[in-house]
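S.K.: Given the sequences, and given the hints that come with them, work out the whole structure.
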Amino acid sequence: MLTIKNLHASIDGKEILRGINLEVKAGEVHAIMGPNGSGKSTLSSVLAGREDYDVTEGEVIFNGKNLLELSPEDRAREGVFLAFQYPVEIPGVSNVNFLKTAINEIRAYKGLDPMEAKDFLALVKEKQKLVELDGKLANRSVNEGFSGGEKKRNEIFQMAMLEPKLAILDETDSGLDIDALRIVAGGVNKLKSKDNATIVITHYQRLLDYIVPDFVHVLYKGQIVKSGTKELALELEEKGYDFIKEEIGA
Amino acid sequence: MANEILEEHINSDYKYGFVTDIESDNAPKGLNEDIVRFISKKKNEPEWMLEYRLKAFAYWKTLEEPNWAHVFYPKPNFQDIIYYSAPKPKKELKSLDEVDPELLKTFEKLGISLEEQKRLSGVESRIAVDAVIDSVSVKTTFKETLSEKGIIFCSFSEAVQEHPELIKKYMGTVVPHTDNFYAALNAAVFSDGSFCYIPKGVRCPMELSTYFRINASGTGQFERTLLVADEGSYVSYLEGCTAPMRDENQLHAAVVEIVAHKGAEVKYSTVQNWYPGDKEGKGGIFNFVTKRGICLEDNSKISWTQVETGSAVTWKYPSVILKGDNSVGEFYSVAVTNNYQQADTGTKMMHLGKNTRSTIISKGISAGFSNNSYRGLVRIAKGASNARNFSQCDSLLMGDKCGAHTFPYIEIKDKSGIVEHEATTSKIGEDQLFYCKQRGIDTEKAIGLIVNGYCKEVLNKLPMEFAVEAQKLLAVSLEGSVG
Ligand SMILES: Nc1ncnc2c1ncn2[C@@H]1O[C@H](COP(=O)(O)OP(=O)(O)OP(=O)(O)O)[C@@H](O)[C@H]1O
Ligand SMILES: [Mg+2]
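Protein chains in written order, with the working numbering: chain A, 1 to 250; chain B, 1001 to 1483.
For the record, the hints were derived by calculation from the structure and aren't laboratory data.
We treat Cβ as the ideally placed atom computed from N, Cα and C, and that holds for glycine.
Hints may contain errors.
[Claimed, not checked] As a list, the in silico SDA-like pairs of lysine to any residue whose alpha-carbon atoms are at most 25 angstroms apart:
#1 A:194 - A:28
#2 B:1427 - A:148
#3 B:1427 - A:145
[Said to hold, decoys possible] Label-pair distances were calculated between CB atoms; the ranges are:
#4 B:1457 - A:86: 24 to 34 angstroms
#5 B:1390 - A:54: 30 to 40 angstroms
#6 A:113 - B:1424: 47 to 57 angstroms
#7 B:1070 - A:182: 50 to 60 angstroms
#8 B:1409 - A:206: 50 to 60 angstroms
#9 B:1410 - A:18: 19 to 29 angstroms
#10 B:1041 - A:113: 43 to 53 angstroms
#11 B:1279 - A:91: 45 to 55 angstroms
#12 B:1026 - A:108: 44 to 54 angstroms
#13 A:51 - B:1068: 41 to 51 angstroms
#14 A:110 - B:1201: 20 to 30 angstroms
#15 B:1409 - A:182: 49 to 59 angstroms
#16 A:51 - B:1149: 53 to 63 angstroms
[Stated by the list, open to error] To list a few chain A residues with every Cβ distance to chain B over 12 angstroms, as calculated:
#17 28
#18 82
#19 136
#20 229
M.R.: Listed below in structure tokens is the structure:
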């Protein structure tokens, strides 16, 4: 589904990603871990198409398409979803209106008519339940005045509504209380299918107890320096990143 | 809902920029006493009306154009303007069939129906329309339905003929001819406009609306609107404006007066979309308007809502004089400027009565090379005990070549008065745009969404039909302003 080859990206002339290679197949869950500042959010921003970053080398193929050539909105319409580490507030625009716009834009891209109002409302109800999102939040302005945890939950609600092929969750677990963590992880699991894939970026092994990854990668200074299965996450939790630094002789 | 509308309009430019091919009856260019007499004669006015005009004209000659506003433009040459232009034929129209079909087409293009039947069978609401093209009212709908309730809704010139006692009693009482340069000019040369009177205790059963359209070239439009709400009455009034695209600047200097008697409530909404000029700042309407209402007696309320997207230069301050005790004044405004547009707009709230309240919500949006200023005065006079004002002025900037300015003036002469003022300036964030794009929403739509969200408090105050139109306009006006 997603193939990243030797991806280099920089911002203001400073190289942040220094040759990323990653292969994600449909049905898989990949976890990316790594110390602060190692480039995890940068990788997700580059995949989503944030214009601030310059891709200097490499390629990204998503379902046979050259992802880097697509505009951010077209990437989203092709099925790339990013749950933001820091979700953005849009005052005065209700969550529901925002999602309706998004859904209909994506449908238009696929040559479909706008969704019927009643189908849309039914979908809202269904997905709200899935992530146990307070009905009031769905009608409030996008993320405005939401608590940190509510914002994260709202990201997953949006993901549930948009049903992406590839979801990238950037530290969606941070700021969630234990119950919320379970609910959000449960939501992600329910949305999992053999046709879609998930990349979870996290600092905590705990999340991976709920969302069990097929692969775990360690990102360090803009490169994936180690990959393994979920045991790698346990090892990291126990030993910290020092052992990796030693291993790679950094 | 905003989005379907945005979708359909996102690629349209100024769509009202057509010229209608109708014959018109013009006054010669220029301004002097003879022109004033000419206009009055054309309208077959009584002597007192002519005297009023001449008095205003004499006064105007002593004045100089104001230059305190934060706008810069070539001063109009007042001798180079046609002060009277009426679409022919000028005979009294009894039915719609007699209206020039070209004219009907014009209003069709504007999405306004002059056919009562159509409106009646329509599912939504009914709106009575007074259509003013160039300087003349061409058609007022629903007159009969309204007159059953004693409501008078007609063109200003008709009111001068049919209801001289009301015109004499109220005209110039809120905006006297001595008020300012443009008000004096208007009093001298106004050719038409709308008049409305709601009798005691009547709630007007439909929205009343006037559509203004400038058509002929080289003309100025000087219309005059007078709205009187008698004791305990209610009316919601809408005003819409469009003009063709022309290279030269055209002058529009209107006067609107509102009188609210005891316990009366008037809601006045405007969607102003005069031609703003092209992307290089060529052409466009100079919109110099004086709008004021007076809460004459206790417990009355006047509320102004405006969405200003058009005009090359706007100079406009819809105000309320809160004379009656417990009276309420409101001003909700969205002003958008793009390309080389300039707007200096705001309000004055004059608290004279006790326990008077006013609210000001102003949302300025500037893009391109435009300049957008809020100018507001809150005055609490001595003896206006327990007066309250709340003002909120927000500015949104798109790009870094435009300007937003805020000039709030506050004068409190009564110690018990409380005035709260909040102001914010923000930029449309790259973060917000990227967030929308990541959800599949393109830039233009994202801007529409963000801007409509930003203006929500004001748009919510508009009647339904107008809110929809306003949302479209906001999106279209800001097209191409980012990226
Ligand atoms: N706009 C920017 N200008 C300069 N440096 C930047 C910019 N954005 C990111 N960086 C730098 O890029 C590096 C990678 O940042 P990134 O946000 O991708 O890290 P991360 O792995 O997501 O960290 P965290 O775990 O703290 O979320 C950091 O050193 C950061 O300071
Ligand atoms: Mg990060």
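S.K.: Evaluate each hint against the coordinates.
M.R.: For each hint, the structure was consulted:
1. A:194 - A:28: At roughly 8 angstroms apart (the allowed maximum being 25 angstroms), residue 28 of chain A and residue 194 of chain A satisfy the hint.
2. B:1427 - A:148: Roughly 23 angstroms separates the two Cα atoms, so the pair holds.
3. B:1427 - A:145: 19 angstroms, holds
4. B:1457 - A:86: 24 to 34 angstroms: 26 angstroms, holds
5. B:1390 - A:54: 30 to 40 angstroms: For residue 1390 of chain B and residue 54 of chain A the Cβ distance comes to about 47 angstroms; the hint is violated.
6. A:113 - B:1424: 47 to 57 angstroms: With a Cβ separation near 39 angstroms, residue 113 of chain A and residue 1424 of chain B fall outside 47 to 57 angstroms, so the hint is violated.
7. B:1070 - A:182: 50 to 60 angstroms: 57 angstroms, holds
8. B:1409 - A:206: 50 to 60 angstroms: 58 angstroms, holds
9. B:1410 - A:18: 19 to 29 angstroms: The hinted range 19 to 29 angstroms is violated for residue 1410 of chain B and residue 18 of chain A, with Cβ atoms some 58 angstroms apart.
10. B:1041 - A:113: 43 to 53 angstroms: Violated, since residue 1041 of chain B and residue 113 of chain A (Cβ atoms, about 60 angstroms apart) do not stay within the stated range.
11. B:1279 - A:91: 45 to 55 angstroms: With Cβ atoms ~29 angstroms apart, the hint is violated.
12. B:1026 - A:108: 44 to 54 angstroms: With a Cβ separation near 49 angstroms, residue 1026 of chain B and residue 108 of chain A satisfy 44 to 54 angstroms, so the hint holds.
13. A:51 - B:1068: 41 to 51 angstroms: Holds: the Cβ-Cβ distance is about 43 angstroms, inside 41 to 51 angstroms.
14. A:110 - B:1201: 20 to 30 angstroms: With Cβ atoms ~57 angstroms apart, the hint is violated.
15. B:1409 - A:182: 49 to 59 angstroms: Taking Cβ atoms as reference, residue 1409 of chain B and residue 182 of chain A lie about 57 angstroms apart, which means the hint holds.
16. A:51 - B:1149: 53 to 63 angstroms: 59 angstroms, holds
17. 28: 22 angstroms, holds
18. 82: 5 angstroms, violated
19. 136: Residue 136 of chain A is indeed farther than 12 angstroms from all Cβ atoms of chain B, at 17 angstroms.
20. 229: Given that every Cβ of chain B is farther than 12 angstroms from that of residue 229 of chain A, nearest at about 30 angstroms, it holds.
Checked against the numbered hints given earlier, the structure breaks hints 5, 6, 9, 10, 11, 14 and 18 and satisfies all the rest.
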